[in-house]
Structures are given as C-alpha cells and as structure tokens.
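Participant: Single-letter residue listing:
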Amino acid sequence: MLKILKYSFYDLMRSRWSYVYFLFYLALGFVLLFLNNDVSKAVITLMNVIIVLVPLIGTIFGVMYYYDSKEFTELLLAQPIKRSSIFLGQYLGVACSLTLSLVLGLGIPFLLYGLFRSDVIFDFSLLLVTGAFLTLIFTAIAFNIALSNENKIKGFGYAVLAWLFLAVVYDGLFLMSLIIFEEYPLDSFSLAATMLNPIDLSRTLILLKLDISALLGYTGAVFKQFFGTNTGLIISILMLLLWTILPISRLAYKAKRKDF
Amino acid sequence: MIQVENLHKKFSKNQVLSGLDLNIQKGGIFAILGPNGSGKTTLIKIILGMVIADKGVVSVFGKPVKNKWKYRQEIEYLPQIANFPSNLRVRELIRMIKDLRQQTSEEERLIDLFGIAPFLDKKLATLSGGTKQKVNIVLAFMFDSPLIILDEPTTGLDPAALISLKELIQKEKQKGKTILVTSHIMQFVEEVADEIVYLLEGKIYFKGRISELMEKTSQTDFEHAIAAIATKMTNA
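Chains as they are written, first to last, in our numbering: chain A, 1 to 260; chain B, 261 to 496.
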C-alpha cells in the first residue's frame with residue numbers, strides 16, 4: 001500500500017492544482033493576518049472558510065483523481081497487489097497531499113506572524129486538525145461515490161450534491177425543524193443532528209474550543225451544557241474519527257467486490 | 261495449471277458465463293476463441309481476479325484464487341486495451357511496474373526487439389496505438405513467470421512486430437511456460453496455438469487440437485471451421 005501511496009502522492013505533487021490549492025491558503029493566511037492584526041479573529045474567519053471550502057476541494061479532488069487514475073488502477077489490478085491496498089493507497093495519496101497543502105499553506109504565514117508567542121496556538125492547531133479530518137472524510141466520501149458510479153458525470157454530480165447537502169441544505173433543514181418543533185424539547189434532537197453532519201460537528205468543535213458564546217449558536221450551547229467544554233471536545237473528535245473510519249471501511253469493502 | 265469449475269458470471273442482465281468448466285494443464289499455447297461478447301475477456305479477468313465470479317471456483321497453480329493476490333506474481337498479463345496513465349513517460353512506467361513487482365526483468369532485450377527505444381522519454385498519451393501496444397507487450401513479457409495471458413496481442417501491430425511477437429511467444433513456450441491467448445486473427449491462432457478452447461453462450465463448446473476441430477466440422481480450412489461452429493449452433 002505504501003508504494004501505491006507514494007506513486008499517487010508524487011503524481012499529485014507534480015500536478016498544478018496542488019500548488020494552486022497551497023498558494024490559495026498561503027495567500028489567505030497572509031491576508032487575514034496582516035489585515036486583521038488579530039490572531040483570534042483571523043482564526044474565526046479561517047474557520048468559516050475552511051469549513052465550507054475544505055470539504056468542497058476534498059470532494060472534487062477525490063472524484064477527479066479517481067476517474068483520472070482509472071487506467072492506472074486497471075494496470076495495478078493485474079499486478080500482485082492487494083485490492084484494498086490499491087484503493088486505500090490512492091485515497092491516502094489524495095487526502096495526504098491535500099492535507100499537506102492546507103497545513104503548509106496556513107501554517108507558514110502563522111509561523112511567520114509569530115504564532116508560538118501567541119496563546120492561540122492550540123486554537124490554531126485544532127483548526128488544522130479539523131481541516132485535516134474534513135479532508136479525510138470528504139475525500140473518502142468522494143471515492144465511495146466515484147467507485148459506485150461508472151459514469152463520470154453522474155459520479156461528479158452526486159459528489160457535488162453530497163457536499164451541497166452537508167454544507168448548505170442540511171443546516172437549512174435543521175433550522176427549519178427547530179422552528180417547526182420549537183414547542184418540544186429539542187436538546188437530544190439537535191445533538192444528534194449535529195453529530196450526523198461532519199461539517200456542523202467541526203464548526204461546533206472549533207467554537208467550543210474558542211469559547212465564543214456569541215457564535216456558539218443553539219447547538220453549540222446545548223453541546224456545552226450537555227457535555228461541558230472538555231468532554232464536548234473529546235466526543236466531537238471521536239465522532240469525527242468515526243466519520244472518517246466509516247467511509248474508508250466502506251471503500252475497502254466495495255473495492256473488494258467490484259468488477260473491472 | 262488452471263482449473264475452472266462451474267463458473268457463472270452475470271453483468272446486470274447479461275449472462276456472460278453459465279457453468280463453464282475448463283482445465284488447462286501445464287505447458288503449451290492455448291487459444292481462447294469465440295464470437296464477440298462470448299466471455300473471453302471476462303474469463304481471463306476472472307482468472308486474474310479483476311472480475312469476481314458469481315458462482316464457481318477458479319484455481320491457479322492448484323489454489324483457489326478468490327480474494328487472493330500473491331498468485332499474480334506468477335502471471336504476466338497483456339490487457340486488451342492498453343490503458344496507461346497518460347501523464348507518465350514510458351521509462352517511468354516500466355520502472356514503476358518493476359518497482360511494484362520486485363522481480364528480475366529483462367526489459368532491455370524487449371525494448372530492442374520492438375524498437376521502442378526512441379519513445380522511452382515520450383509521454384504515453386502521445387504514443388500511437390501500435391507503439392502503445394508494443395509498450396504493453398514489453399510490460400507483459402519482461403518478467404519471467406510460468407503463466408502468460410495475452411488478450412488480443414496482435415492489435416495494431418505492424419508485420420515486423422507481429423513476427424517478433426510470434427517468435428517471442430514460441431521462445432516462452434520452449435521454456436515450458438503456459439500461454440493463454442485470445443485473438444480474432446485466425447491465421448495467427450493457427451500459427452501459434454497448440455490447442456484451442458472455443459467459448460459459446462457462456463460454456464466451452466469445443467476444446468482440443470485444431471486438426472480435431474476440422475474433423476468435427478468437416479472443413480479443410482481453419483477459419484471456415486471456426487465460422488462453421490457458430491452457424492451450426494444457430495441452425496441447431
């Protein structure tokens with residue numbers, strides 16, 4: 001698996017898009033820090049960008065890479081390599097190179113700004129960890145969708161729809177149901193609803209850590225009240241981990257049974 | 261060497277293989293023939309583990325292959341359509357496959373034989389169909405494995421390359437290897453194959469020597485004998 005990972009990773013490192021993605025974060029980091037002059041505010045702005053953009057990029061890169069490397073996959077399938085190694089290797093290659101672009105692109109400006117002397121270093125690292133989780137989760141979802149759809153256009157469409165649903169539509173539905181059922185106790189409902197969407201979960205996780213009550217919102221408040229800050233953090237990280245493991249195991253399971 | 265028992269495979273509604281039994285012993289060249297869509301490539305891909313059978317057991321080197329992958333170390337495979345990662349150079353592709361298989365290889369001799377040295381630093385996307393097929397052949401033959409599977413090896417080859425390919429196949433046979441080959445070029449099959457396996461409607465319709473087939477169909481010409489099988493079946 002490590003060999004496949006290596007080849008996929010090098011392949012992506014040679015691609016222009018990895019650099020575009022990296023430069024984008026680099027620019028974003030510099031602009032936010034030097035225009036804002038306030039690291040905590042920059043972290044909040046970054047959170048809003050990361051939470052929407054990272055899943056989108058993960059989804060699109062994942063689907064594109066899967067369909068683009070179809071020939072490579074077919075070549076590998078006839079070689080003495082385990083099937084799950086081929087797909088997990090490719091998946092990790094994409095996810096790692098995206099994560100690297102994110103961490104380096106945002107890390108460099110923050111380091112130059114003097115992050116280590118600031119006390120928001122933990123907030124910032126948490127932001128990067130969440131970004132990494134979101135990359136892993138959405139790339140895995142994208143690979144799953146691509147694996148189940150032979151047709152490129154269909155696969156691409158479903159993947160973008162999945163992102164749109166989790167990033168935008170889900171929140172709308174959630175809010176609507178809160179309004180419609182406002183006369184009922186909604187604590188456990190909203191807790192569950194947050195857990196079931198990795199994007200909402202990441203947002204809650206970061207806001208809990210930043211401890212900004214004004215931005216916490218209803219769910220965040222419930223989260224905090226229910227678990228307390230520390231338990232809340234641990235539980236949401238565990239949920240993110242679960243969100244990562246589930247699509248990856250489905251990927252390995254499906255890959256074993258597919259015909260090529 | 262290869263045992264296939266009661267093999268079934270369906271692609272959505274299309275039943276491709278229905279209860280196929282096949283036994284291929286060690287050594288010699290076996291041609292797998294049959295009309296378009298008769299399941300030749302499917303059979304080969306099931307042997308390689310690229311397609312997963314609905315029912316039945318395939319054993320290679322005496323062991324069932326389901327969910328196994330190490331046995332592919334002993335197989336060289338030439339795919340029907342040479343699909344390569346287009347942004348790689350020929351040299352990189354050869355190095356990569358060598359790296360993945362970790363076996364001794366003799367690609368230099370094959371590169372000379374098919375004259376693809378001038379293309380080594382070209383990207384695979386820019387190669388012509390015939391040149392791609394030559395690269396494909398180099399990749400398939402560069403390792404020393406006891407079982408060689410060739411799916412339409414003649415596609416796009418010029419006469420000189422075709423002659424080299426035939427010599428190459430004969431040389432490998434003399435080393436005691438087993439070679440499975442599919443082709444629609446009957447002249448090529450007649451020249452190289454020791455035995456033919458004829459697939460029809462998902463089953464083996466005929467297996468044996470070419471002379472036996474001609475006797476059975478009472479034809480004097482191999483190409484006509486093959487055609488006769490198909491018409492016989494539709495008339496019956």
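Watch out, some of these pointers could steer you wrong.
Restricting the straight-line Cα-Cα distance to at most 25 Å, the calculated cross-link-like pairs of lysine to any residue (SDA-like) are [claimed, not checked]:
#, chain 1, residue 1, chain 2, residue 2
1, B, Lys-383, A, Leu-246
2, B, Lys-382, A, Phe-9
3, B, Lys-326, A, Thr-73
4, B, Lys-358, A, Arg-14
5, A, Lys-70, B, Ala-421
6, A, Lys-70, B, Asn-347
7, B, Lys-273, A, Ile-81
8, A, Lys-254, B, Gln-479
9, A, Lys-6, B, Asn-347
10, A, Lys-258, B, Ser-319
11, A, Lys-70, B, Asn-343
12, B, Lys-435, A, Leu-246
13, A, Lys-152, B, Ile-312
14, A, Lys-152, A, Leu-246
15, A, Lys-82, B, Gln-333
16, A, Lys-70, B, Lys-431
17, A, Lys-82, B, Met-261
18, B, Lys-437, B, Gln-362
19, A, Lys-6, B, Ser-365
20, B, Lys-437, A, Ile-81
21, A, Lys-3, B, Lys-437
22, B, Lys-431, B, Asn-283
Facing chain A, from chain B, some residues (calculated, C-beta under 7 Å) [what the hints assert, rightly or not]:
#, residue
23, Val-311
24, Pro-324
25, Tyr-337
26, Arg-349
27, Leu-360
Think of the hints as simulated: they come from the structure by calculation, not from any bench.
Where is the CB? At the ideal position from N, CA and C, for every residue including glycine.
Participant: Hint by hint, note whether the structure agrees.
Facilitator: Going through the hints against the structure:
{"no.": "1", "hint": "B:Lys-383 / A:Leu-246", "result": "38 Å, violated"}
{"no.": "2", "hint": "B:Lys-382 / A:Phe-9", "result": "22 Å, holds"}
{"no.": "3", "hint": "B:Lys-326 / A:Thr-73", "result": "19 Å, holds"}
{"no.": "4", "hint": "B:Lys-358 / A:Arg-14", "result": "21 Å, holds"}
{"no.": "5", "hint": "A:Lys-70 / B:Ala-421", "result": "28 Å, violated"}
{"no.": "6", "hint": "A:Lys-70 / B:Asn-347", "result": "13 Å, holds"}
{"no.": "7", "hint": "B:Lys-273 / A:Ile-81", "result": "30 Å, violated"}
{"no.": "8", "hint": "A:Lys-254 / B:Gln-479", "result": "49 Å, violated"}
{"no.": "9", "hint": "A:Lys-6 / B:Asn-347", "result": "16 Å, holds"}
{"no.": "10", "hint": "A:Lys-258 / B:Ser-319", "result": "20 Å, holds"}
{"no.": "11", "hint": "A:Lys-70 / B:Asn-343", "result": "9 Å, holds"}
{"no.": "12", "hint": "B:Lys-435 / A:Leu-246", "result": "49 Å, violated"}
{"no.": "13", "hint": "A:Lys-152 / B:Ile-312", "result": "23 Å, holds"}
{"no.": "14", "hint": "A:Lys-152 / A:Leu-246", "result": "24 Å, holds"}
{"no.": "15", "hint": "A:Lys-82 / B:Gln-333", "result": "11 Å, holds"}
{"no.": "16", "hint": "A:Lys-70 / B:Lys-431", "result": "33 Å, violated"}
{"no.": "17", "hint": "A:Lys-82 / B:Met-261", "result": "22 Å, holds"}
{"no.": "18", "hint": "B:Lys-437 / B:Gln-362", "result": "20 Å, holds"}
{"no.": "19", "hint": "A:Lys-6 / B:Ser-365", "result": "22 Å, holds"}
{"no.": "20", "hint": "B:Lys-437 / A:Ile-81", "result": "23 Å, holds"}
{"no.": "21", "hint": "A:Lys-3 / B:Lys-437", "result": "30 Å, violated"}
{"no.": "22", "hint": "B:Lys-431 / B:Asn-283", "result": "23 Å, holds"}
{"no.": "23", "hint": "Val-311", "result": "4 Å, holds"}
{"no.": "24", "hint": "Pro-324", "result": "16 Å, violated"}
{"no.": "25", "hint": "Tyr-337", "result": "4 Å, holds"}
{"no.": "26", "hint": "Arg-349", "result": "12 Å, violated"}
{"no.": "27", "hint": "Leu-360", "result": "5 Å, holds"}
Hint compliance for this structure: hints 1, 5, 7, 8, 12, 16, 21, 24, 26 are broken, all remaining hints hold.
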